[in-house]
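2 protein chains.
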Amino acid sequence: MKRHQTTIVDIARKLNLSKSTVSRVLTGHPSVSEKTRRAVMELAEQLDYQRNMLSVSLLNKKSNTIGIIVPEFMSSYFPQVIMGAQEVAAEMGYNTIICHSNEHYETEVANTRLMLANQVDGLLVSLTKETRNFDHLKIFERKGIPIVFFNRVCDEMDVPKVVVDDYEGAFRAVEHLIKRKKKRIAHLAGPDSLLISVKRLRGYRDALKKYNIPIDEELIIPYDLTIAKVKIYVNHLLRLSNPPDAIFAINDPTAIEALQIVKKKGLEVPKDIAIVGFSNDLASGLIDPALTTVSQPVKEMGQTAAQLLIDQINRDVSEWKTIIRVLKTELIVRKSS
Amino acid sequence: MKRHQTTIVDIARKLNLSKSTVSRVLTGHPSVSEKTRRAVMELAEQLDYQRNMLSVSLLNKKSNTIGIIVPEFMSSYFPQVIMGAQEVAAEMGYNTIICHSNEHYETEVANTRLMLANQVDGLLVSLTKETRNFDHLKIFERKGIPIVFFNRVCDEMDVPKVVVDDYEGAFRAVEHLIKRKKKRIAHLAGPDSLLISVKRLRGYRDALKKYNIPIDEELIIPYDLTIAKVKIYVNHLLRLSNPPDAIFAINDPTAIEALQIVKKKGLEVPKDIAIVGFSNDLASGLIDPALTTVSQPVKEMGQTAAQLLIDQINRDVSEWKTIIRVLKTELIVRKSS
DNA sequence: CCTTAAATTGGGAATGTTCCCAATAATAAA
DNA sequence: TTTATTATTGGGAACATTCCCAATTTAAGG
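Line order of the protein sequences matches chains C and B. With the working numbering as the guide, the letters of the first sequence map in order to residues 1 to 337. With the working numbering as the guide, the letters of the second sequence map in order to residues 1 to 337.
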């Protein structure tokens with residue numbers, strides 16, 4: 001009726017051929033005469049023929065599509081990872097369906113449903129801060145659809161993961177602050193549901209330990225990454241009887257927010273209080289003073305993740321690997337410390 | 001074989017039912033006995049049954065998927081638009097396939113092919129700066145697949161468009177600079193292939209005209225939005241015998257880059273040279289001095305575009321509208337002017 | 001207990017492709 | 001010219017689902 005797309009049968013009918021022959025031409029099969037080949041090609045072009053991938057996917061039981069689920073979309077971090085992943089995926093002939101969970105567990109579950117329904121051949125996931133139950137992801141394992149985690153990974157599933165060395169990054173960041181003669185270094189930490197929080201916290205603790213600086217639990221504040229709450233915690237820290245002279249933040253948005261607040265209070269950065277972030281977001285080089293931060297190879301993370309995923313897809317379930325790829329971080333020292 | 005997903009037939013066989021009955025249960029059709037309904041539901045749950053949307057889409061000739069093509073993914077602008085669009089789309093039961101063209105015409109064409117092959121029900125597009133030929137998009141019109149443009153729109157196609165009032169935004173921005181006693185206002189303009197460039201330039205010109213400030217063509221520099229080139233142009237402007245005392249930039253990334261360069265030269269912003277951007281990117285409030293800019297309702301743009309698109313999808317081709325929705329901008333005055 | 005109506009179930013076509021196997025047409029050899 | 005061989009083409013199943021129509025079962029009414 002009205003919205004009829006040209007199909008292989010339309011072409012076949014107009015040329016008095018069978019759909020088999022037309023299909024052969026369009027898929028580049030050799031055993032077809034030059035004359036009919038040309039005729040089919042011409043008509044296909046003329047009718048704007050486009051292969052219907054839905055039917056191809058249905059037939060092959062392979063959609064050539066991978067899903068990507070990320071927790072948020074605001075900072076420059078995940079868009080960059082996605083770009084990296086899409087680059088590799090496209091090169092290998094895969095489409096991508098992208099969903100963001102808005103940091104909500106429920107949304108994440110809904111997203112995985114969508115991915116299943118759309119028959120993705122594999123899934124790239126970075127978890128929500130709320131996610132503590134992984135049943136919705138284990139379904140993929142059971143169904144033989146490979147998963148690869150990146151950045152926010154799941155500890156209790158044996159699948160490939162791509163992370164940066166959060167421990168070492170945090171360790172170096174704090175060490176750097178210590179070398180800048182900071183004695184009371186606070187840590188605005190992430191929720192302990194996230195492995196990255198735990199690892200960065202561990203790096204923080206170990207750096208202090210190494211330099212024999214007493215760990216003051218009062219200076220460690222885990223929070224749920226809701227940016228608006230940073231103000232409360234920074235104010236709290238500054239009002240302590242023995243306030244910190246440095247803040248190591250779990251990520252750049254947190255660090256940037258903290259920096260703004262500290263500046264507004266009239267404190268001087270880094271003299272009165274130094275600030276260090278994590279991730280090297282686009283904005284961190286622009287603010288004043290520029291933010292010292294631990295940079296991650298963001299695009300590379302996406303590329304590696306996609307690469308690992310496609311490797312799994314092309315492998316038999318019985319040969320699935322569980323590599324954990326740890327990428328290097330780099331401390332970028334700027335004015336804020 | 002190995003990667004077999006549970007189908008409706010599997011369930012039917014195990015329960016000695018026909019696939020019709022199972023389908024009825026799963027789609028919530030009323031005429032089925034409570035007993036079998038429960039049995040089917042239970043088994044479906046137990047086997048992690050997931051409806052195969054590929055086959056449903058194929059049968060209905062409707063994929064419930066819309067495509068989104070954006071030119072880039074780096075600034076916070078497009079991710080935010082996408083979030084807005086996805087929000088509305090998800091609510092109306094549509095999935096999204098996102099592609100970015102990397103500002104390359106060729107990639108944009110490839111992306112449209114992908115969208116066609118995947119049978120999207122509609123397409124949301126923001127053009128590449130290179131795109132001057134629209135054949136790849138006109139195919140959609142011919143095939144009865146609605147398109148909606150946003151931000152970077154196409155003048156020669158009669159389809160719905162969502163834009164902001166670029167003319168007025170630019171006009172107000174320049175007027176603001178004039179009221180700040182700036183006499184020689186430069187404009188780092190975009191390529192004239194983009195309508196937004198043309199309209200913003202027109203706003204710039206008209207504002208100057210209104211206040212009887214002579215237009216110096218030397219101060220108008222159209223460029224291709226390659227951020228690295230900003231340095232060349234700013235240096236050029238500053239070396240003029242009669243250099244500008246203000247710069248109105250086509251967008252925020254450009255303005256931010258210009259600001260950094262000007263600051264590095266030791267000039268004072270806004271005293272020596274004021275700077276105004278366009279779009280209110282995330283970073284613009286963070287830099288020092290904070291950037292005066294024209295803010296756009298970014299998320300709303302995505303929402304509106306998705307809304308218009310889905311309206312078109314649900315309409316007969318003969319009743320397609322060609323509304324142009326113009327959203328309001330707002331001048332946000334900060335320290336840089 | 002039989003008839004009739006209603007409730008529940010099954011059969012099969014259709015969606016657009018691909019691919020195997022069989023059938024036909026064209027060419028070469030005898 | 002006939003047969004053998006090869007080059008080209010056609011037929012039909014399969015993929016997972018929905019939906020119409022027909023068949024069967026169950027319940028209700030006499």
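Just so you know, the hints here were simulated from the structure itself, not pulled from any lab data. Worth double-checking, as some hints may not be accurate.
A pair holds if it fits inside one copy or across any two, identical chains being indistinguishable in the list.
[Unchecked claim] Below, in silico cross-link-like pairs of lysine-lysine (BS3-like), each with a Cα-Cα straight-line distance of 27 Å or less:
| no. | residue 1 | residue 2 |
| --- | --- | --- |
| 1 | K143 | K299 |
| 2 | K14 | K229 |
| 3 | K199 | K229 |
| 4 | K129 | K299 |
| 5 | K14 | K35 |
| 6 | K129 | K143 |
| 7 | K328 | K299 |
| 8 | K35 | K335 |
| 9 | K61 | K14 |
| 10 | K321 | K231 |
| 11 | K19 | K143 |
| 12 | K231 | K299 |
| 13 | K321 | K265 |
| 14 | K299 | K229 |
| 15 | K138 | K14 |
Status of each hint after checking the structure:
{"no.": "1", "hint": "K143 x K299", "in the structure": "neither (29 Å within a copy, 37 Å between copies)"}
{"no.": "2", "hint": "K14 x K229", "in the structure": "neither (67 Å within a copy, 54 Å between copies)"}
{"no.": "3", "hint": "K199 x K229", "in the structure": "within (22 Å within a copy, 41 Å between copies)"}
{"no.": "4", "hint": "K129 x K299", "in the structure": "both (22 Å within a copy, 23 Å between copies)"}
{"no.": "5", "hint": "K14 x K35", "in the structure": "within (15 Å within a copy, 51 Å between copies)"}
{"no.": "6", "hint": "K129 x K143", "in the structure": "within (25 Å within a copy, 43 Å between copies)"}
{"no.": "7", "hint": "K328 x K299", "in the structure": "within (13 Å within a copy, 35 Å between copies)"}
{"no.": "8", "hint": "K35 x K335", "in the structure": "neither (71 Å within a copy, 71 Å between copies)"}
{"no.": "9", "hint": "K61 x K14", "in the structure": "between (30 Å within a copy, 22 Å between copies)"}
{"no.": "10", "hint": "K321 x K231", "in the structure": "neither (44 Å within a copy, 48 Å between copies)"}
{"no.": "11", "hint": "K19 x K143", "in the structure": "between (34 Å within a copy, 21 Å between copies)"}
{"no.": "12", "hint": "K231 x K299", "in the structure": "between (31 Å within a copy, 25 Å between copies)"}
{"no.": "13", "hint": "K321 x K265", "in the structure": "neither (52 Å within a copy, 54 Å between copies)"}
{"no.": "14", "hint": "K299 x K229", "in the structure": "between (29 Å within a copy, 23 Å between copies)"}
{"no.": "15", "hint": "K138 x K14", "in the structure": "between (49 Å within a copy, 24 Å between copies)"}
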